[in-house]
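Peer 1: Two chains, two frames, a set of hints: combine them into the complex.
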Amino acid sequence: DIQMTQSPSSLSASVGDRVTLTCRASQSIGSYLNWYQQKPGKAPKLLIYAASSLQSGVPSRFSGSGSGTDFTLTISSLQPEDFATYYCQQSYSILRGTFGPGTKVDIK
Amino acid sequence: EVQLVESGGGLVQPGGSLRLSCAASGFTFSAYWMTWVRQAPGKGLEWVANIKQDGSEKNYVDSVKGRFTISRDNAKNSLYLQMNSLRAEDTAVYYCARDTVMALYGYYYYYMDVWGKGTTVTVSS
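Chains D and W supply the protein sequences, listed in that same order.
The working numbering applies: residue 3 is where the first sequence begins, and numbers increase by one.
The working numbering applies: residue 94 is where the second sequence begins, and numbers increase by one.
It is possible that part of the hints are untrue.
Claimed, not checked - So the derived label-pair ranges between C-beta atoms look like this:
| id | chain 1 | residue 1 | chain 2 | residue 2 | range |
| --- | --- | --- | --- | --- | --- |
| 1 | D | 29 | W | 181 | 29 to 37 angstroms |
| 2 | D | 11 | W | 98 | 31 to 39 angstroms |
| 3 | W | 215 | D | 29 | 31 to 39 angstroms |
Keep in mind that the hints were calculated from the coordinates and are not lab data.
Bear in mind that the values here come from a model prediction, so they are computed numbers and not experimental data.
For each residue, glycine too, the CB sits at the ideal point set by N, CA and C.
One chain only, chain W, in its complex shape (with noise of 0.2 angstroms):
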């Protein structure tokens, strides 16, 4: 079964940091770009940053540039989403997603096609 488990989550002090993981199964993890999605209380969702399969790409949304940092453990099927200098914002449910490509009538279509089921952040003192 393709799947895609996040961890890490938890309460965290403003200024504090944390590490989420996202494990892997049932697909050739190396072969995706994958994703991080965040989800604020009530909100929409809102794209965070992605990786390309060997992590030599990594982009970034700009309310988290220079703070998070995206990486990959292709050996551990493992994505990893370090989290410096939290604020009460980034306050939200945090997921993986594997970003699927397929080729139509000449063109390159990306869209994320598995998602795991989340873990939540909470920033407050």
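So that you can see chain D by itself, here it is in the shape it has in the complex (with noise of 0.2 angstroms):
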């Protein structure tokens, strides 16, 4: 099965700071990588798919690029409704749709 790994687990950023989240996969998984967000009580966000495909309605301060096993995620400006969990999930296969650990984003 693959595995995904993200770093850090957490860290401490203020509004308007430019922020790069990091997954890893165990193998290569080619461009088959999702991220999510997710706020406290609330159910996950869609954010970037296909490692670097902006889902419609997100704002453009979020990107993603990668391939192959390592991957980013960044938010360009953190705004206030950043601070939040950001989840990476492989989809290079559909029959195991695993999730990273997640990085939890706070306010310094």
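Peer 2: Here is the structure:
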């Protein structure tokens, strides 16, 4: 099975900061990588699919990159509503939609 | 409005059973793979199971194989998760999600773009 890791597990940042989150797959998954944002008590929200495609309605300050085993989610200028936990998910196989353990972004 | 609404959660004793439902509206339910995802208290997301549009393919995470059954009724726009032999470690919020496929550069990419608000399952004596 494909395993996903994320780093860091948490980070503290200020409004306006540029933030980069990392996700790594245990084997090559091409561009089959999605990013979700989750706020406490809420359902996850899709941000990025196919590693770099921005979901409709998601602000352009969010961007994704990478392929193979290494991926990044970048928030160009952190906004107050961006404080949340971010999960990557591989969709290389429809059989196993493994999620990473998440990165929590909180206020410095 | 595109919407998924889960129901059926509750408190159940270890070894017991529960059936979750997910009602879909605002889109052609029969055209999509559907997925259940769960989240234990204070933990991350865990993919649980998915089912093909016509119900002919079903897949499960190893920890629920043989205990959980995913199904759907396209006439009722509904997704189900039958959970048997429940354990304490099945305690979680259970979300249903729509699996959308996008054709890009000759490849097909799947992602979960619509989620319900979740239903809480607590397994405890």
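Peer 1: Hint by hint, say whether it matches the structure.
Peer 2: Each hint tested on the structure:
{"no.": "1", "hint": "29(D) x 181(W): 29 to 37 angstroms", "verdict": "32 angstroms, holds"}
{"no.": "2", "hint": "11(D) x 98(W): 31 to 39 angstroms", "verdict": "32 angstroms, holds"}
{"no.": "3", "hint": "215(W) x 29(D): 31 to 39 angstroms", "verdict": "36 angstroms, holds"}
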